[in-house]
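S.K.: The lines below spell out each chain.
2 protein chains.
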Amino acid sequence: MKHPQRIEFIQRKLRRKKLDALLVSQAHNRRYLSGYSAADHDIGESSGVLLIPARDKPVLLTDFRFQIQAEQEVGDMKVMLYPKGLLALLKTLLPDLNVQTLGFESHYTLHSVAGKMEETLEEQNISLHPLTGFVEEMRLIKDEEEINKLRESVLLNEAVFEELYQQIEPGQTEIEIALAIEATMRINGAESPSFATIVATGKRSALPHAVPGNVKVKKNKALMIDMGLVLNGYCSDMTRTFVPKKPTKKYLKIHRLVRKAQLAATEAIRAGVSASSIDKIARTIINDAGYGKQFGHALGHGVGLAVHEDPRLSSKNRKHLRAGMIVTVEPGIYLPNWGGVRLENMVVVREDGCELLNTNTTWLDI
Amino acid sequence: MKHPQRIEFIQRKLRRKKLDALLVSQAHNRRYLSGYSAADHDIGESSGVLLIPARDKPVLLTDFRFQIQAEQEVGDMKVMLYPKGLLALLKTLLPDLNVQTLGFESHYTLHSVAGKMEETLEEQNISLHPLTGFVEEMRLIKDEEEINKLRESVLLNEAVFEELYQQIEPGQTEIEIALAIEATMRINGAESPSFATIVATGKRSALPHAVPGNVKVKKNKALMIDMGLVLNGYCSDMTRTFVPKKPTKKYLKIHRLVRKAQLAATEAIRAGVSASSIDKIARTIINDAGYGKQFGHALGHGVGLAVHEDPRLSSKNRKHLRAGMIVTVEPGIYLPNWGGVRLENMVVVREDGCELLNTNTTWLDI
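Here the protein sequences line up with chains A and B, keeping their order. Using this note's numbering, the letters of the first sequence correspond one by one to residues 1 to 366. Using this note's numbering, the letters of the second sequence correspond one by one to residues 1001 to 1366.
If you're looking for bench data, these hints aren't it; they were derived computationally from the structure. It is possible that some hints are incorrect.
Calculated lysine to aspartate or glutamate pairs in the DMTMM-like style (CA-CA distance at most 20 Å, straight line) [as the list claims (entries may be wrong)]: (1) B:K1293 to A:E163; (2) A:K2 to A:E137; (3) A:K84 to B:D1310; (4) A:K316 to B:D1063; (5) A:K253 to A:D365; (6) A:K203 to B:D1310; (7) A:K84 to A:E118; (8) B:K1002 to B:E1071; (9) A:K245 to A:E163; (10) B:K1084 to A:D310; (11) A:K116 to B:E1073; (12) A:K316 to B:E1045; (13) B:K1216 to A:E162; (14) B:K1057 to B:E1045; (15) A:K216 to B:E1118; (16) B:K1203 to A:E73; (17) A:K293 to B:D1063; (18) B:K1116 to A:E118; (19) A:K245 to A:E191; (20) A:K260 to A:D365; (21) A:K293 to B:E1071; (22) A:K203 to B:E1045.
Coverage of chain A stretches by chain B, computed from C-beta distances (three or more under 8 Å per stretch; other residues unrestricted) [what the hints assert, rightly or not]: (23) 106-113; (24) 179-187; (25) 203-211; (26) 277-289.
Here a beta-carbon is modelled for each residue, glycine too, at the ideal position from N, C-alpha and C.
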C-alpha cells in the first residue's frame, strides 16, 4: 500500500469512530503514513506530528530544523512549521479545519503534554480522545512489499554477520567486534543499527542485555552476538551464540536444547494459532529439561518499522497470529556465572505455516 | 554528592510536599539517584523504576533482563523484580510500605500508562500526583565532581575530533567520517556517542540535523561536524564547521559572524543573568547582519547526564542562570542551497563569568 491509501484507511476508521482528526506523534507511525523518516531523539524532543483530518488532506507539522527533510520526503503532502510550538499552531489550525473531536496517541504522548493539550484545546471547545494502537493495528500485518523490505534487511544483517564472523579472533574485545559490525552495516547501506549491538563473551552472555565492554573474546567460551539493522526503514534482529574454537559438552547440551525449542516453536507457527501457545511449546521443552527459570523472557516479538513491536510471542498474549505478521523466535537459557545461549530468527506468519527469513542455519545446528 | 545524599535530598523534598513516595522512571534520573546505568531502548521499554519512599529505603524495581547489572551497580540499595509487570508489584509493595500518596514523573510517563496506574492504585486507595522536574531541578546545578566528569567528556570529545581531523581527506564520505568518529570514541573509553554524529558537507550543512549520507567531502566546501560522547555517564556536545582546504570569502564572512555572536554571548554568561538575554546577544548580532531568519534555533541548552537538558538558552526562557549550570553556546546560520555554519562550545556558569570547557579554538578563529 502506498502512503495515500494508508491515509485513506485511517480516515475511514476515523469517520467510523466519529472523530474529526487524528494526531500521529509516534515516529514509526508518522513514517508509515507519510514517508517522513526523521526519528525522535527522545520522546521529549519530537521531530514533528502528522495531523490527519477525517475529511481533509493530511498535514505534516514540524519545526525549522526538519523543514527541508520533511518537504523532500512527504511528496504532495503539505508541511507546516510551528515556530511558537505545536500547541500554538493547533490552537488556530484545528478550528480552521473544523476539528471538534481530536484523537491522539495516548501510548506515545506524555502525561504532562496531554494535560497541557487538553487545557489549551478545551478553550476552543475541542475534545481530546485518547487512542492506543490506532495506527499500530494496521502495521501488524505486512503486505508483500513490506515483507520484501524486511527480507532485505534480514539478508543484509546476515551478510554483515558472515563477513565479521570470518574476522573474529580470540583476543579481540567485545567493543571492537560491536563497532566493526555497526560500521559494516552502515558502509553496506543500512540507515543505522536497529538497536545497540550486543556482543557478550563467556559469563557475560548470561546478561541478556549486555553492553559490549573492554573484555576479550576467549577461544573456548560462548560468544553471543545480537544484532540488527535498519534498511529502507525496516528492521532486522538476529542472535547467534557460538564458541569460536571448541564448545564444551555443557555448551553443546544447552545450545542444542535452545535450538530444539526454537525449531519446535517455529514448526507450530501459522495463522490462527495463539501467540501464547507458540511461547508454550518452546517453554515446555526448556522447562522439561530443568531450565525453565533460566528462560526469563518471552519467546519473541513482532518486527517491522520498529525492532520491537506487536505481536509479542509471550505467555500473556492470547491473541491469534495472522498471515503477514513477522515475528522473532528467540528462546534463550541464561546461567549466572556460566553464560547464556540465545538463538533468534525472524519468520513471516503464513496461512499454513511460516516462512523463515533467515537463510543460513550453520550457526544453529551444531 | 553521593547517591545516598541525593536520595536524602529527594526524601526531604517529598516530606515537604506531603508525598509518601516518588516513582522515578526517567533513565537519567534513575542513574543520578542510584547509579543504575541501564538506558531505556524506548519509553515503552523501561529498564526499571526507582521507588523512593519519603521515610524508608529506596528500592530499584526492574525485570529479569537487568537483574545482574542492577545488583552490581546500586551498591546497598535493594533490587526487586517484577515478573508480572510493574503494576502488579506496586499493587502489593506500596501498601506494604504504607504509601498512600505517590508522586510520579508526568513528563516521563505515557498518558496510557498513567491511566492504567491510576485505575489500579485507586483500588488500593493510593492517590497519584503528577510531578514535572522534581529530580531534574536538582540536576540543573552540577557539583565540582560532576563538572570534572563533564570536562573529561569534553576533552575526550575534542581529542577524538583532533585525531579524526588529521585523517579527513576530500573524497571520503560523510558516513565514513561519522563511523570513524564513533569508533574512535568507543575505543577510547566512551560508553557511546551522546547522539547520532552529524557530518554534513556543502549544501547539506544547511540542514541543522542532517543524517550522514553517502556523499563525498569536497575540498573547498563547508564541512559541519556535530559530535558528542558519553563518558562515565556524562555527555559532551561540540560542533565544528570548517573547509578542508580553502574557504571562500562568503564562507569566511558567515563563519566570522557566527563566531562573533558566540564570543559575545559567552562573554555575557554569568550567574544572575537571564537565559533569554544571552540568546538575545547572539541573535542581535546575527539579525543586524541580515541573517536573523537563518538562525532558527535556540542559542544553547544544558548538558549533563542528558545531552539536551535544562536550562535552554532561548528567547522563551526568562529564568536566571545559576552557578554550576553547564550549557552549550551554539549560534548557527543556515542558507538553503549554500550551506550552514554552526560553532558550539560548552561552558560552566560561574558567579562572575563562565568557564569554557573546550580547550582548542583553532577551528573557530579563522
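S.K.: Sort out which numbered hints this structure fails and list those numbers smallest first.
M.R.: Violated hints: 1, 6, 11, 13, 14, 15, 19, 22, 26; rest satisfied.
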